[in-house]
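Participant: Which chain is which? The protein sequence lines are A and B, in order.
Residue 330, in my numbering, is where the first sequence stops; the numbers in between run on with no holes.
Residue 358, in my numbering, is where the second sequence stops; the numbers in between run on with no holes.
Hints should not be assumed to be uniformly reliable.
Ranges between beta-carbon positions, derived for each pair [said to hold, decoys possible]:
1) A:208 <-> B:96: 18 to 28 Å
2) A:205 <-> B:39: 25 to 35 Å
3) A:134 <-> B:93: 47 to 57 Å
4) A:232 <-> B:223: 47 to 57 Å
5) B:244 <-> A:294: 23 to 33 Å
6) B:76 <-> A:316: 32 to 42 Å
Because the hints were derived from the structure by calculation, they are not lab data.
C-beta: ideal position from N, C-alpha, C; glycine also.
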Amino acid sequence: MKTSGGITRRSLVVGVGGTVALCALGTVRSVGASPLVRPPGGQDFERLIAGCIRCEKCVEVCPRHVVKPAHIEAGVIGMRTPTLNFNDDYCDWCREENDGTPLCVRVCPTEALALPPEAEVETTLLGLAELDASTCLAYRDTGCRFCYDACPYFAIELDEHNRPFVINNKCNGCGACEAVCVSLENGSISTGATERAIVVRALDENGNAVDGLSEGGATS
Amino acid sequence: MNSNRLRAIVVLAVMVLLTIGYITHLDFGTLSAVGWSTVSLICPLGALTTIVAAKLMIPRALITLVVVIILLVIFGRAFCAWVCPVPVVQKLRGLFSRKERGEIEASKPSGCTSCAKKRGAAWDSRHIILGGSVLSALIFGFPVFCLICPIGLTFASIFLIVNLFSAGDLTWTVVLAPLLLLGEVVFFRKWCAQICPLSAFMSLAAKKGRFFRPTIDDGKCLETTTNKPCGICGEVCPETIDPRHPNTSKSALNECTKCRVCVDNCPAQAIKLPIWAPKVTQSQSATPLTQEAQEAEGTEGAQGTEGARGAGSARGANKKS
Numbered sequence: 111m112k113t114s115g116g117i118t119r120r121s122l123v124v125g126v127g128g129t130v131a132l133c134a135l136g137t138v139r140s141v142g143a144s145p146l147v148r149p150p151g152g153q154d155f156e157r158l159i160a161g162c163i164r165c166e167k168c169v170e171v172c173p174r175h176v177v178k179p180a181h182i183e184a185g186v187i188g189m190r191t192p193t194l195n196f197n198d199d200y201c202d203w204c205r206e207e208n209d210g211t212p213l214c215v216r217v218c219p220t221e222a223l224a225l226p227p228e229a230e231v232e233t234t235l236l237g238l239a240e241l242d243a244s245t246c247l248a249y250r251d252t253g254c255r256f257c258y259d260a261c262p263y264f265a266i267e268l269d270e271h272n273r274p275f276v277i278n279n280k281c282n283g284c285g286a287c288e289a290v291c292v293s294l295e296n297g298s299i300s301t302g303a304t305e306r307a308i309v310v311r312a313l314d315e316n317g318n319a320v321d322g323l324s325e326g327g328a329t330s
Numbered sequence: 038m039n040s041n042r043l044r045a046i047v048v049l050a051v052m053v054l055l056t057i058g059y060i061t062h063l064d065f066g067t068l069s070a071v072g073w074s075t076v077s078l079i080c081p082l083g084a085l086t087t088i089v090a091a092k093l094m095i096p097r098a099l100i101t102l103v104v105v106i107i108l109l110v111i112f113g114r115a116f117c118a119w120v121c122p123v124p125v126v127q128k129l130r131g132l133f134s135r136k137e138r139g140e141i142e143a144s145k146p147s148g149c150t151s152c153a154k155k156r157g158a159a160w161d162s163r164h165i166i167l168g169g170s171v172l173s174a175l176i177f178g179f180p181v182f183c184l185i186c187p188i189g190l191t192f193a194s195i196f197l198i199v200n201l202f203s204a205g206d207l208t209w210t211v212v213l214a215p216l217l218l219l220g221e222v223v224f225f226r227k228w229c230a231q232i233c234p235l236s237a238f239m240s241l242a243a244k245k246g247r248f249f250r251p252t253i254d255d256g257k258c259l260e261t262t263t264n265k266p267c268g269i270c271g272e273v274c275p276e277t278i279d280p281r282h283p284n285t286s287k288s289a290l291n292e293c294t295k296c297r298v299c300v301d302n303c304p305a306q307a308i309k310l311p312i313w314a315p316k317v318t319q320s321q322s323a324t325p326l327t328q329e330a331q332e333a334e335g336t337e338g339a340q341g342t343e344g345a346r347g348a349g350s351a352r353g354a355n356k357k358s
């Protein structure tokens, strides 16, 4: 085996090949990823992606089981990074479990999830709830108002026909409304619906809610 | 107990414990960041590349690096033999091999071992890839290697399957993560020895320590007592270290994973892994063999080590049974 500078030629080829492969993989960054609803402290995408080693400690520690690893469908770069899924519960920054400091932020070993010191649960926007009147049971005069009752921030009000609507500037995307929405369980009347009638949408970098169709996250 | 079996049990126990911790939310983390609650030992490569990628002094990552380097100086690459799940996953390779399972692959003559610098003592492909991991994290602003790390993918695959059945979390990741993992261990047979940047990091740190290194009792060793070549310890070593002849060995002693295969296979029970292994003794470096014996031992050793590296544990098991 021939050597050049103390390293065998074969080692050099394998090593440089591996480095080139890693750099090629790094370009998935430019492919981009659809914005996802992230746990508290994960709103800065640059910071999240730089720090996340995909150890899934945040997923494991979440007492409400709402932190889930992101799917590859939302972009290779974000695969297995934390996202929020409000199927069963919502995020209130562990108010009961840890006095309002989110446990996911507390355990994150690389500070990929990191909250600014002045961050408040009310003003940190995880996403924005979006109500689809075509599948909402209340818009079929069933009198359903689960989301209105669940919202901790009074961001949902009822119109003159007792139908809920979202007050956008009060909603912080906590997911309480989505967690209690029964439209899919009682979805026989709204055939074709693939998600609940009220869903928390991810925000893009300009703070606008992202359309559900482009979202490949763990919301289902 | 046979060390091969003991090691497999320890590796599987770690995997089972961490999986149970994940399912029951005990918060042990994974091997990427193992520990409890806020105290966790981050993968040193992950800690290093996130610091580089985020261009931030992340306190817990820095503390981890210091602690891990101290542990590596003491225990060397013991992680590779006793904790890392990848060698266990590599056993799945048998399913894809056309050869009969357990059969030792035919070895190719592996050139001159003494003139090229030893693996572990000189730079090799793993070190370049370690540099490449840091470089790619710097350029692209995220730890690129974490995406394909087989240790991370092993736990990801387990957890994805757990999530699929416990929460109905359906995604292509549940197919792609295990496929990527299998691809890595099936197509890159020598992942650990030639690619793994974590193993490069560990062997670099292990250079500083002289703990738990294989040490031969010259009063028992067949070569020193009978003056005839034996060479079994060098043949069975999965890391191609020859504890008897470290000067002509393919790999340096900092590559030792403390797997104890040499201890198990020594016909005279002359090898120990003492807590403190002083410098190589004179008798160990100056071999008492004749020229002919050395040549015979050299070719035999090369054949043996090639096979032992590919199916090191299988070979060890064969010998026992």
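Participant: Which of the stated hints cannot be reconciled with the structure, identified by number in ascending sequence?
Facilitator: The structure conflicts with hints 2, 3, 5, although it agrees with all the remaining ones.
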